[in-house]
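Take a look at the letters that make up each chain.
2 protein chains.
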Amino acid sequence: MAALKNDRFIKALLRQPVDETPVWLMRQAGRYLPEYRETRAKAGDFLSLCKNTELATEVTLQPLARFPLDAAILFSDILTIPDAMGLGLYFAEGEGPKFERPLSSQAAIENLPIDVLGDLQYVMDAVSMIRQVLDGSVPLIGFTGSPWTLATYMVEGGSTREFKKIKRLLYGNPIAMHLLLDKLAIVVTDYLNAQIEAGAQVVQIFDTWGGVLSHASYLEFSLAYIQKIIQGLNTDRPDGSVVPVIAFTKGGGPWLDAISECGCHAVGLDWTVDLGAAKAQIGNKVALQGNMDPSILLAPIPVIEQEVKRLLTSYGQHGPGDGHIFNLGHGITPDVDPEHAAAFIAAVKKFSPSYHL
Amino acid sequence: MAALKNDRFIKALLRQPVDETPVWLMRQAGRYLPEYRETRAKAGDFLSLCKNTELATEVTLQPLARFPLDAAILFSDILTIPDAMGLGLYFAEGEGPKFERPLSSQAAIENLPIDVLGDLQYVMDAVSMIRQVLDGSVPLIGFTGSPWTLATYMVEGGSTREFKKIKRLLYGNPIAMHLLLDKLAIVVTDYLNAQIEAGAQVVQIFDTWGGVLSHASYLEFSLAYIQKIIQGLNTDRPDGSVVPVIAFTKGGGPWLDAISECGCHAVGLDWTVDLGAAKAQIGNKVALQGNMDPSILLAPIPVIEQEVKRLLTSYGQHGPGDGHIFNLGHGITPDVDPEHAAAFIAAVKKFSPSYHL
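Protein sequence lines correspond, in order, to chains A and B.
43 is the number of the first residue of the first sequence in my numbering; add one for each residue after it.
43 is the number of the first residue of the second sequence in my numbering; add one for each residue after it.
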């Protein structure tokens, strides 16, 4: 495959010097883009779009055609795994993801298959095709949900605000909870290794719901499995390159020390964390990715530019061993004007070089 | 008024030695209690219950009749203030609080009245009556929402998951945002002083939504106003006693240093925070209140007892200047079996004395 023309993102993840702060956006291929909505309409429902190699490739590349981003991220969904494990994923209009067969008993957990890569071949096909089309312009990020995050959807049956079923399981039957997480860690490890094999040059683990746990439960039921997955990844490639791993726990601000020791190369930060303080705390061990409040993209453009400057200043001048990837603290929302996303990225490009002298 | 027979809670807040760890529950007078549901049915809607002095007193005392709690908390709602400011609070069945006239323009903010204590007399009447009926058995906690938290409801018009309107205001028109928060800080200060005058012996400021802000915005738009309020409180009473102030920001885990310096006597912790780490970080400046995951009350009783022991051990043996008040990390939920709440409180009573030797 083609050599990388822009390796700024990989270098920053490995805490090597770069000329400017690389930038990408979580959910950059998404509903805020009119061209995405058009392709999505062609595909029918969301899951059909994920499973259609050509269309998934098309939407992955859409934001790169608009903006000078430093990375592409595979267009897919974290719930492909539970779907492949037989839970029957569907998207009810306006209600988010749902499962036809949520896990409602220990027996259901015991019976869950873990040899499911065959049913996820469409993801690897998309990775391969995206790599081909990217032709080395920027690196491609593969991704997964964390076992804890996947488990919450699988037990709750969909989105939740309250996490009652999963917490009843966690506190009431921790053995079954661990069995489920163990199975998911195996599947996730296989899944990420297959994505790497297919061409993913970076992988990110999204722990969207780790933040609803207590400190102790987070370590036991979420971070331990993220660590286990990372240990099992084939990140050292035959060509001598390394596939950096980003661990992102939304709401993980109180646990940065522990997260920074999970084996990841970079820690994703949500916007509640002070970037400068996080650098002082863990910046000598890992690169940091983030962390602008996505809501700021709804504000006037001068406010966006101001905030970009504030965050660049907060991380400060880059020295040896530093690494920062600019991003939002969570996914870009559907109501953002693409011009505001453009202004955000332009501001990072304009103001960051002076921090890399 | 009667002298306090049980001052364990006040002493712990002031970091003075106590014989056991005091305990109360956020939302202890609430829907999980059948006797509450009965009184509530008598009152009609929720707001009528808040405004009925006798019934508000009755429900305040219900959990104390069941459990050996170390404090009572005024039965009321944080949204009494915006209601008194003219926004027209109502509770739509199953939808939570709503306002008839949410703030939708800068002019609406400019026109907001701040001299509204007269319309909140029913709260002071309830405080007085509860104090009389308590007859010094345990201290009475008064409370308020923080200006930021009140503002989110006032601008969004009710509950929200996304905080889009308030963040548009914050980032798009910070001057109007500050004007609103300034007005609310004045009203909240008056309101808490009136509660203290009427007999509240402790006050808690609930910053339920501070955690949705970035670090910098939290300091500027939430904590600064909490600090301003505390500076304006008449906490030194003519009889020589002090009214301790508890500051509770849900999701405030990443900002504990700043919160501990806002002038409060105690910091409320949600369950994402490691209690032992928080003690090491700020426990020499403030008492700590919290912080069991409310979901644990849905687990079997032995799990609840286990968790109480774990948290007591996490805080550790009490020495000079230590102070811990046991509580949940957020309000008790309506689906908790009162027997589980009883087991929780009993466990604190049973296991905590050995940490106060």
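Incorrect hints may appear among the rest.
Put simply, identical chains are the same to the list, so a pair is met inside one copy or across any two.
In silico lysine-lysine, DSS-like type, Cα no more than 27 Å apart, as pairs [unchecked claim]: (1) Lys392 - Lys225; (2) Lys140 - Lys206; (3) Lys206 - Lys351; (4) Lys84 - Lys53; (5) Lys327 - Lys225; (6) Lys47 - Lys270; (7) Lys225 - Lys47; (8) Lys321 - Lys351.
Hints are computed from structural coordinates only; laboratory data are not their basis.
- [ ] Against the structure, test the hints numbered earlier, and report the numbers of the ones violated in rising order.
- [x] 1, 4, 5, 6 and 7
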